[in-house]
Amino acid sequence: MSLSTLFLLLISLIALSYYYGYRRSVALVKPLGGIRHLHSLPFYYGARAAIWCGMPALLLLAGWALFSEPLITRLLFSSLPQDIQPQSLADANLLINKIENIAAGNLQAGKDSGAIVAAGEQLAKLRNSSRWYVSALLLSLAVIGGTFAWFKITPQLRARQEVEKVFRGFLLGCSCIAIFTTLGILLSVLFESLMFFRSVPVTDFLFGLSWSPQMSIRADQVGSSGAFGAIPLFAGTMLITVIAMTVAVPVGLLSAIYLSEYASSRLRSIAKPALEVLAGIPTVVYGFFAALTVAPFIRDTGTAMGLTVSSESALAAGLVMGVMIIPFVSSLADDVISAVPQSMRDGSLALGATQSETVRKVIFPAALPGIVGGVMLAVSRAIGETMIVVMAAGMAANLTANPLDSVTTVTVQIVTLLVGDQEFDSPKTLAAFALGLMLFVVTLSLNFIALHVVRKYREEYE
Amino acid sequence: MSNEAEVKTIDLVRKTLVRRNRAERRFRLYGLASIFFGLACVVVLFTDIISKGHGAFFQSYIELDIHYDAQVLGLDAGYTSADLRAANFEALVKQSLRNKFPDVSGRKEKRDMYRLISPGGAYHLQDRIAENPGLLGSNETLWLLASDDVDTYFKSIDSSEGAFTGKVSEKQQLYVAQLIAEGVIEKQFNRAFFSSGDSREPELAGIGGAAMGSLYTLIITILLSFPIGVSAAIYLEEFAPRNRWTDLIEVNVNNLAAVPSIIFGLLGLAIFINFFGVPRSVPIVGGLVLTLMTLPTIIISSRAAIKSVPPSIREAAMGMGASKVQVVMQHVLPLAMPGMLTGGIIGMAQALGETAPLLMIGMVAFIVDIPGGISDPATVLPVQIFLWSDSPERAFVEKTSAAIMVLLAFLIIMNTAAVLLRKRLETRW
Numbered sequence: 000m001s002l003s004t005l006f007l008l009l010i011s012l013i014a015l016s017y018y019y020g021y022r023r024s025v026a027l028v029k030p031l032g033g034i035r036h037l038h039s040l041p042f043y044y045g046a047r048a049a050i051w052c053g054m055p056a057l058l059l060l061a062g063w064a065l066f067s068e069p070l071i072t073r074l075l076f077s078s079l080p081q082d083i084q085p086q087s088l089a090d091a092n093l094l095i096n097k098i099e100n101i102a103a104g105n106l107q108a109g110k111d112s113g114a115i116v117a118a119g120e121q122l123a124k125l126r127n128s129s130r131w132y133v134s135a136l137l138l139s140l141a142v143i144g145g146t147f148a149w150f151k152i153t154p155q156l157r158a159r160q161e162v163e164k165v166f167r168g169f170l171l172g173c174s175c176i177a178i179f180t181t182l183g184i185l186l187s188v189l190f191e192s193l194m195f196f197r198s199v200p201v202t203d204f205l206f207g208l209s210w211s212p213q214m215s216i217r218a219d220q221v222g223s224s225g226a227f228g229a230i231p232l233f234a235g236t237m238l239i240t241v242i243a244m245t246v247a248v249p250v251g252l253l254s255a256i257y258l259s260e261y262a263s264s265r266l267r268s269i270a271k272p273a274l275e276v277l278a279g280i281p282t283v284v285y286g287f288f289a290a291l292t293v294a295p296f297i298r299d300t301g302t303a304m305g306l307t308v309s310s311e312s313a314l315a316a317g318l319v320m321g322v323m324i325i326p327f328v329s330s331l332a333d334d335v336i337s338a339v340p341q342s343m344r345d346g347s348l349a350l351g352a353t354q355s356e357t358v359r360k361v362i363f364p365a366a367l368p369g370i371v372g373g374v375m376l377a378v379s380r381a382i383g384e385t386m387i388v389v390m391a392a393g394m395a396a397n398l399t400a401n402p403l404d405s406v407t408t409v410t411v412q413i414v415t416l417l418v419g420d421q422e423f424d425s426p427k428t429l430a431a432f433a434l435g436l437m438l439f440v441v442t443l444s445l446n447f448i449a450l451h452v453v454r455k456y457r458e459e460y461e
Numbered sequence: 000m001s002n003e004a005e006v007k008t009i010d011l012v013r014k015t016l017v018r019r020n021r022a023e024r025r026f027r028l029y030g031l032a033s034i035f036f037g038l039a040c041v042v043v044l045f046t047d048i049i050s051k052g053h054g055a056f057f058q059s060y061i062e063l064d065i066h067y068d069a070q071v072l073g074l075d076a077g078y079t080s081a082d083l084r085a086a087n088f089e090a091l092v093k094q095s096l097r098n099k100f101p102d103v104s105g106r107k108e109k110r111d112m113y114r115l116i117s118p119g120g121a122y123h124l125q126d127r128i129a130e131n132p133g134l135l136g137s138n139e140t141l142w143l144l145a146s147d148d149v150d151t152y153f154k155s156i157d158s159s160e161g162a163f164t165g166k167v168s169e170k171q172q173l174y175v176a177q178l179i180a181e182g183v184i185e186k187q188f189n190r191a192f193f194s195s196g197d198s199r200e201p202e203l204a205g206i207g208g209a210a211m212g213s214l215y216t217l218i219i220t221i222l223l224s225f226p227i228g229v230s231a232a233i234y235l236e237e238f239a240p241r242n243r244w245t246d247l248i249e250v251n252v253n254n255l256a257a258v259p260s261i262i263f264g265l266l267g268l269a270i271f272i273n274f275f276g277v278p279r280s281v282p283i284v285g286g287l288v289l290t291l292m293t294l295p296t297i298i299i300s301s302r303a304a305i306k307s308v309p310p311s312i313r314e315a316a317m318g319m320g321a322s323k324v325q326v327v328m329q330h331v332l333p334l335a336m337p338g339m340l341t342g343g344i345i346g347m348a349q350a351l352g353e354t355a356p357l358l359m360i361g362m363v364a365f366i367v368d369i370p371g372g373i374s375d376p377a378t379v380l381p382v383q384i385f386l387w388s389d390s391p392e393r394a395f396v397e398k399t400s401a402a403i404m405v406l407l408a409f410l411i412i413m414n415t416a417a418v419l420l421r422k423r424l425e426t427r428w
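If you read the sequences in order, they're chains A and B.
Heads up, the first sequence is in numbering that gives the first Met the number 0, so the first residue is 0 and it goes up one at a time.
Heads up, the second sequence is in numbering that gives the first Met the number 0, so the first residue is 0 and it goes up one at a time.
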C-alpha cells in the first residue's frame with residue numbers, strides 16, 4: 000500500500016471518528032433533554048475521538064517514514080556474506096546504490112552478481128513486508144483508538160479540557176522547532192567540524208596563511224597535501240565587509256536622518272518604500288548586477304586611469320553588497336531615531352541650536368547604542384551574504400588589502416566546496432562545515448551583542 | 000557686567016550664524032544626496048536588467064520551405080514511434096537550407112549555413128510529423144528557430160552600438176543579410192521561454208521547469224511554515240509561562256532570524272540528506288530547508304499581529320465564559336489573521352528569492368525535464384538565474400536578465416499583495 004493511499008485512508012478514518020463521536024455525544028443526551036446536559040460542546044467529543052484515532056497512528060507513520068530506511072539497510076547489511084560487507088560509510092552508500100539499481104533493473108548484474116542480486120531481492124522483500132506490517136498496525140491502531148474513544152463518551156466526560164490539553168501540547172511542540180533548528184545547526188556543523196579537525200589541527204585552520212583545499216588521489220602527487228589555513232578567507236571577508244559598510248552606513252544613516260527629521264511627509268511616503276525595494280531584491284540579482292555591470296565598469300574605469308583592476312575585484316562585490324544593505328541600515332536607524340523622545344528635540348531647538356546641530360549633538364548620541372546595534376546586525380548580514388560574492392568575487396585565496404584585487408570569502412569557499420559531487424568524509428568537504436561553524440559562531444555572537452545593545456538602550460526611555 | 004556678557008553672547012552667535020547655517024544646509028544636502036543615491040541604485044538596477052533582458056521575450060525565426068521527404072528521413076510506410084525518434088530530421092532542415100542558398104558550396108560554407116538554424120528546428124519538425132502523420136511526403140512552409148548566435152546578431156543589427164557579431168562568421172552575416180532582404184527572418188514572441196525547461200542551447204532554454212520547481216518548493220514551504228509559525232506565535236504570546244524555557248525559545252527565534260541563509264543549507268545537507276537519506280535536488284528538501292529559514296520571519300510578524308489585538312477583546316470573551324483556547328481560536332486569531340497573512344506572504348517572497356541554501360542541497364543540477372511533483376529533481380528560479388549567469392554564451396545574458404525580470408515580477412506581485420492586504424484589513428482599535 001503506498002504512502003499516499005495509507006495517508007488518505009487514515010484521514011478518512013479520522014473524519015469518521017469525528018463524525019461518530021459527535022453523533023454519539025448528541026444521541027446520549029437526547030433523552031435527557033438536549034446538549035445542555037453535556038459537559039462540553041459536541042464538537043469536543045468529536046475532536047477527542049479524532050485525536051484518539053489519529054494521533055497514535057500519525058506518530059507511528061512519522062516514525063516509520065524517518066527510521067524505516069536506515070533500519071532496513073542495517074538488516075540488509077547484516078545478512079550479506081562477509082566478503083562484500085562494506086568497510087566504510089562511503090562503501091556502504093555505494094553498495095546500497097548498486098543493490099538498489101540492480102533491484103530496480105537499471106543495472107546489468109556484474110561479476111560479483113550472485114550475492115548482490117540476492118541482496119536486491121532481499122531489499123525489495125524487506126521493504127514490501129515493512130510496508131504491509133506498518134499499514135496493518137497503523138490502521139488497527141486508528142480503528143482501536145477511535146472505537147475506544149467512542150465507547151468512553153459519557154455526558155460527564157471532560158472532553159474540552161482533554162482536547163485543549165492536546166492543542167496546547169501541539170502549540171508548544173511548534174514553538175520548540177526553533178530550538179530544534181538551532182540544535183540541528185549546531186550539531187550538524189559541530190560534528191562534521193570535529194571530524195575535520197581530526198585530520199587538520201585547529202591551529203592550522205585558524206592561523207594558517209595559505210588556503211588550497213585540494214586533496215590528492217595518489218599519495219605521491221604534486222601538491223598532494225591540501226592547505227587549510229583560513230586566514231586569507233577571513234581577510235577577504237573582512238575586506239568586502241568593510242567596503243560594503245563604507246557604502247551602507249553613511250548612506251543608510253544619512254537617509255534615515257533626512258527622512259525622519261527633514262523630509263516632508265510626501266517625500267517620505269515615496270522615498271521610504273522606494274528604498275525598501277532594494278531590500279526585497281533577491282541576492283542572486285545583485286550578484287548578476289555586480290558581475291556583469293559593476294565589475295566590468297570598475298575594471299574599465301580603473302584601466303582608463305592606469306590601474307590594474309582584477310575583473311573579479313573586491314570593490315565590485317563590496318559596493319553592490321553595500322547597496323543591498325542600505326535599506327537594512329536605514330530602517331533600523333529610522334526605528335531608533337524615532338524612538339528618541341520629542342522633548343529632547345524641543346529642548347535643543349529651544350536653546351537655539353540649528354536642526355543639524357540637534358541631530359548631531361542630541362539625537363545622534365541618544366540613538367547611538369541602537370545605531371551601533373543596527374550596524375553590527377548589518378555587519379553580520381554582510382559576512383553571511385553568499386550569492387553576491389559567489390558570483391562577483393573570486394575563487395583565489397589572496398591575502399591582500401587592495402580592494403582592486405580579487406579576494407575570496409568564507410561563504411564562497413563553502414559553496415565551492417559543497418556544490419557538485421563530493422564524498423562525504425574527505426577533509427575537503429568537511430572543511431566547508433568548519434567554515435560554516437566559524438560563520439555561525441561569528442554571526443551569532445554579533446547578533447547576540449547587537450540585540451543586547453539595542454535592548455539595553457530601549458530601556459532608557461520607556 | 001551682566002550687560003556686557005549678554006552683548007558678547009549675541010555677538011558670538013551672530014559671528015558664527017552664517018557658518019552654522021551653512022553647515023545646516025550642507026547637512027541637509029548630504030541627507031538628500033544619500034537618498035538620491037539609494038533611489039538612483041534602484042533605477043540603475045532596474046534599467047540595466049530590463050535593457051539587457053527585454054530582448055529575450057522575442058526570438059528570431061527563419062522561414063523555410065520544408066519537404067517532408069520520407070526517403071531522407073529513412074521512414075517507410077509502417078514506421079513506429081521509435082523509428083520516428085531516430086529519423087534524421089536535421090537532414091530535412093539542411094536540404095531546405097541548400098535549396099534556399101543554392102550557390103553555397105564547400106564544406107566550411109555549408110557548415111556555416113547549417114548553423115543558421117537551431118537544433119530545435121529538427122525537433123519541431125519531428126513534433127509536426129508526430130502530430131499529423133499525413134504530412135509525410137508533402138511540403139510545408141514553416142518558421143524555424145534560428146540559432147543563438149544568429150539570434151544575438153539579428154537582434155543587435157540595428158542597435159546604435161553596431162551589430163554584435165561574436166561567433167557569427169562573415170559568410171553567415173551575408174546569409175542573414177539575404178534572409179532579411181527576402182523578409183524571411185523575423186522576431187516572434189518567445190512562448191517557449193515560459194514553457195520549456197533548461198537547455199544547453201540558449202535559444203531552447205526556458206524557465207518553465209524552474210518556475211514549476213519554485214512552485215512545488217513554495218507549496219511545501221507554505222504548507223509547513225505558516226501553520227507551524229502561527230502556532231508557535233500563539234503559544235509564545237498567549238500560553239507560554241514566563242520561565243527559562245520560554246526565554247530560550249524567544250532568544251532562539253530572534254537569533255535564527257539573523258543566521259545567514261547558507262547555514263540553513265548546511266543543516267539541510269547534513270540532516271535531511273546525509274542523515275535521513277532524502278534524495279538530493281528534490282523540492283521536498285528545498286521546501287523543508289526554506290521552512291526552517293522563513294519560520295522566524297513568520298513567527299515574529301505573527302506575534303506582532305497577536306500583540307496588536309487589544310486585551311479588551313480577550314476580556315470580553317472571557318467574561319462570556321469562553322475558555323482560554325476558545326478566546327484565542329475564536330476571537331484573537333481571526334482578528335490577527337490579516338497581519339499574519341502579510342507576514343506569511345513576506346516570508347514566501349523571501350523564500351522565493353533565496354538561492355544559497357538550495358545550492359547546498361543540490362538543487363543546482365542541470366535539469367531538462369519539467370518536474371511533475373514534489374519528489375522529482377528540480378531547480379528553482381533564482382538557482383536557474385545563477386546557473387545561466389555562469390554560462391559563457393552571450394545569448395544567456397539576455398535569458399538571465401529576462402528570468403530576473405520574471406522573478407522580480409513575482410516578488411513585486413507578492414509584496415504588493417502584502418501591502419494591499421495590510422491596508423485593506425488593517426483595523427484601528
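Read the hints as simulated data drawn from the structure, not as lab findings.
Take the hints with a grain of salt, since some may be wrong.
[What the hints assert, rightly or not] Simulated DEER-style distance windows between Cβ atoms:
1) A:Phe447 with B:Phe56: 45 to 51 Å
2) B:His53 with A:Ser310: 23 to 29 Å
3) B:Ser194 with A:Arg73: 41 to 47 Å
4) B:His53 with A:Pro295: 31 to 37 Å
Just so you know, these numbers come straight off a predicted model, no measurement behind them.
Even for Gly, the Cβ is constructed at its ideal location relative to N, Cα and C.
#### Entry: Indices of hints not satisfied (ascending)
Violated hint (a single one): 4; every other hint is consistent with the structure.
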